[in-house]
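Counted from 1, the sequence shown has number 14 at position 14 by UniProt numbering; the numbering is strictly sequential.
FYI, nobody ran anything at the bench for these hints, they're computed from the structure.
As the structure is a computational prediction, the values presented were derived from the model and not from experiment.
Hints should not be assumed to be uniformly reliable.
What the hints assert, rightly or not - Below, a list of computed lysine-lysine pairs in the DSS-like style, where the Cα atoms sit at most 30 Å apart:
1. Lys233 / Lys221
2. Lys30 / Lys221
3. Lys257 / Lys147
4. Lys30 / Lys164
5. Lys30 / Lys45
6. Lys257 / Lys30
7. Lys164 / Lys147
8. Lys233 / Lys30
9. Lys257 / Lys221
10. Lys45 / Lys233
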Amino acid sequence: MDFKDQPDQQSTDELDLLLPSIIDARARSKPETIFCAFLEVTNAKDGLTVASYGNFANAVNKCAWWIEETIRLGDGSEIKTLGYLGPPDIRHVFSELTLLEDAVAVDSELYSWSPCFARNDHCDILLTASDSPELRPTVSSLLSERKLQAFTLENIGHWIGQAKSPEYPFLATLRNDASRPFVILQTSGSTERWISMRRSLQRLLANDPIFGPSSLLPSPKLAAEIHQLTLCKSAILPVSVLEPLSWVPEYLEGLRKLELVIWCGSAFSFLVVPETIRALVPINACYGATELSPFITQVES
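Starting from the given sequences, assemble the full structure and let the hints guide the process.
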């Protein structure tokens with residue numbers, strides 16, 4: 001299938017493809033199209049790192065080859081479970097897609113970034129972010145408690161915007177592999193309670209921190225700065241950020257340039273807040289829990 005020759009049929013051609021194949025296909029047809037943008041610094045005014053479909057597909061393929069060549073998961077006769085310990089940045093996203101590709105040969109599972117699951121007997125291999133030195137004592141403690149293979153996952157710059165990597169062969173489709181699980185996500189890293197879930201190959205929803213590194217805490221000021229960027233067309237914010245943002249006239253007025261605002265988390269303290277925002281920009285609610293994946297509905301009142 002040559003996506004370059006059929007740009008108008010791209011959405012139809014993608015109906016049977018899984019996410020890695022879709023990203024590869026779009027990287028071939030429109031490599032410069034923006035896939036995502038994120039902060040690597042603490043000041044939004046310093047600009048964003050922009051990743052195209054070409055950049056992101058290359059990161060997934062490069063990581064897939066690295067896992068096959070470095071970690072050597074085996075021939076598929078034994079299930080291996082991988083854990084990632086590090087910031088919940090874009091590496092978390094392409095690592096999941098990488099394991100989806102590698103899972104064609106090996107039923108690999110990726111756990112989320114809290115250290116609690118690395119202490120149980122289900123985690124065989126631990127990936128640690130190379131640019132998070134604060135995690136080294138935790139990793140040393142984990143390795144002293146039980147036998148684990150440990151590898152470091154390089155920083156974002158190593159994967160995004162680098163020399164082109166060959167595509168990792170991935171032939172699975174919705175038609176022949178739709179029901180096979182590929183990943184378990186730990187969704188309560190803060191409480192260390194084992195709340196696990198399985199996602200099938202049909203869906204992968206990744207919610208990352210607001211545009212940037214885990215050290216950058218979301219705040220009304222940061223959100224307002226991001227809203228002023230030309231690239232920003234809409235916003236998804238928890239009430240804990242959106243409500244105090246609405247109390248600052250300058251920040252509130254900044255919402256006017258957006259096409260949509262989505263709020264999530266708890267209810268507003270005052271009903272006047274969403275009504276005030278609605279006067280400037282359409283506002284929708286994001287209901288649901290992490291375990292279920294959120295869905296969006298229009299707020300009527």
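Could you check the structure against the hints above and give me the numbers of any it violates, in ascending order? 2, 3, 7
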